[in-house]
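Engineer: Read off the chains here:
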Amino acid sequence: MKIPQQPISQRILKYSLTTLIIIGSLWSAAGLEITLERILDAPRQIGILVGAMFPLDLSQEAFDRIIPKVFESLFIAWAGTVIGAIFSFPVSFLAAQNVAVGIVSRATKQILNAIRAFPELILAFVFLPITGLGPFTGTLAVGIHSIGTLGKLSSEVIEGIDEGPLEAIKSSGGSKLNELSFGVIPQVMPTITSYWLYRFEINLRASAVLGVVGAGGVGQELINQLRFRDFPRAGTVLICTIILVLTADTISAAIRNRIIKGKVVKS
Amino acid sequence: MINIPKKPAPTYLVTIGIPAAMLFTIFSFRRIGFNLQDFKENLANRAIVTDPLFNPKWQWAWENTADALLETVQIAILASIVGCAVALPLAFYASRATNLNKYSYFLYKSFLNLIRTIPDLFWAMLFTVAVGIGPFAGVLALIMFSLAIMGKLLSETIDSIDPGPMEAAKATGSSHNQSVFTSALPQVLPNYTAYFLYIFELCIRASVILGLVGAGGVGRIIETQRIFLRFDRISPIIVIILVVVILIEQFSVWIRRKII
Chain A
52 MKIPQQPISQ RILKYSLTTL IIIGSLWSAA GLEITLERIL DAPRQIGILV
102 GAMFPLDLSQ EAFDRIIPKV FESLFIAWAG TVIGAIFSFP VSFLAAQNVA
152 VGIVSRATKQ ILNAIRAFPE LILAFVFLPI TGLGPFTGTL AVGIHSIGTL
202 GKLSSEVIEG IDEGPLEAIK SSGGSKLNEL SFGVIPQVMP TITSYWLYRF
252 EINLRASAVL GVVGAGGVGQ ELINQLRFRD FPRAGTVLIC TIILVLTADT
302 ISAAIRNRII KGKVVKS
Chain B
855 MINIPKKPAP TYLVTIGIPA AMLFTIFSFR RIGFNLQDFK ENLANRAIVT
905 DPLFNPKWQW AWENTADALL ETVQIAILAS IVGCAVALPL AFYASRATNL
955 NKYSYFLYKS FLNLIRTIPD LFWAMLFTVA VGIGPFAGVL ALIMFSLAIM
1005 GKLLSETIDS IDPGPMEAAK ATGSSHNQSV FTSALPQVLP NYTAYFLYIF
1055 ELCIRASVIL GLVGAGGVGR IIETQRIFLR FDRISPIIVI ILVVVILIEQ
1105 FSVWIRRKII
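Order-wise, the sequence lines are chains A and B.
Position one of the first sequence corresponds to residue 52 (my numbering), numbered consecutively onward.
Position one of the second sequence corresponds to residue 855 (my numbering), numbered consecutively onward.
Only chain A is shown next, with the shape it has when bound in the complex:
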């Protein structure tokens, strides 16, 4: 029996990629001075840290400090998402090829790309001397980064719409504005709303981290406790963050599911 073989060009590609991956990882490991004994020793060291965190610090004082910080992260993420949603919504129409003129669309897309390129953390410490240490700086950073990402995603949704309803509106004498409000927006709204919620989930993780540079949120608390070697309390901070993120994720995912799939009709 003759078993068909892979074409030679594909095999060459396969083997060259495999070598590239192996060489890449070895080169990186050598450059970073990561030796086998460090890798083998790492689980033990991580075990020591995890061991030091238990039992968790469940005192009233710890909770009084941690809980407001955790909620501050939630508020930063939500307010940042709202800023991103409000500003990205009109911008996304300008960036969509089938709504705006060619030049406007291309220019807007480039601006959105440029905004997206800066991580929240870098935006945060650039704003820090201007708006001061505190959650407002974090919100601004999260919001501006969200404008970039949400603008890109929303404009792609707008580009993917069905042109039929637009033609129907045009043929019955509707203006360009009618086309937008009755043709485009009803089609894109469910997907864009679910993207907003999805962004909220991402922003929640981002806002938790922002405290590292002093821009509010739970990150400040974690880095302080780790610096003071107060591991039980650091463990509590970590667990509280995990609970918040899991809860927010679950709720947001349920709402997104409902928006995209519609109401479950019991038959």
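Just so you know, not all the hints are guaranteed correct.
To be verified - These stretches of chain B come out as covered by chain A in the derived footprint (C-beta under 8 Å, 3 or more residues):
(1) 872 to 885
(2) 928 to 937
(3) 972 to 982
Hints listed in this document are in silico derivations from the structure and should not be mistaken for laboratory results.
All C-beta atoms, glycine included, are put in the ideal place defined by N, C-alpha and C.
Please arrange chain B on chain A, whose structure you already have, making use of the hints.
Structural biologist: Frame of chain A; chain B shown alone:
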């Protein structure tokens, strides 16, 4: 007489959800101390930042960032390769299509979800404490980061594979593991490669900021200059990072097109 269809009554999600979301928005803005008056006043002294920011010291940046930038790229390469390699078997255990045991499926799925809730910089902080300051901690942090993303993406892809080939393999007498290897794995390999390149891009972006907590890479240099408010040194570093990130992304897009 035209019969105009009635608009269905709004659901609870709309009648309760939208006002609740608005209230929560107002509440959030109050809690973060949003105040337009203060903001305008603060904006007046933006010169502290913007003057040096738009006055970059290129010379200094060229001389001091090359090594750290290389370190950043190496962290991202190593972490994305190891993270995705570890995620491959885990994803098969965390999918209902390939894991027949309900309990172990639930365990693996929860494990991946749990890893995903912890942000990348939190991992970096924890690992710098555990294994010491330096790029090794950064690599470990990004391994967890890429493991979490790949685990979720790939296990969901495996959930939606075509069960036909697996049934065919079983019909010829292969065991469950054999059928997974010969029928499920080849189906998801193209997606796996695409996800890997995507995660590599994410890792490059994430590895830039790892240095802020002492986990190696170019962030280390940003952090020291940030403390002294030397924005004239930070802005060229950021521009150089952006150029490198964009070049690497273009390279990864080119490879993706070549493979798929």
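Engineer: Given that the stretch 872 to 885 of chain B was listed as covered by chain A, double-check it with a C-beta distance under 8 Å for 3 or more residues.
Structural biologist: holds (count 6)
Engineer: Within the stretch 928 to 937 of chain B, is the number of residues with a Cβ closer than 8 Å to a Cβ of chain A three or more?
Structural biologist: holds (count 6)
Engineer: Are at least 3 residues of the stretch 972 to 982 of chain B within less than 8 Å of chain A when you compare beta carbons?
Structural biologist: Check passed, 8 qualifying residues.
Of the numbered hints given earlier, the model fails none.
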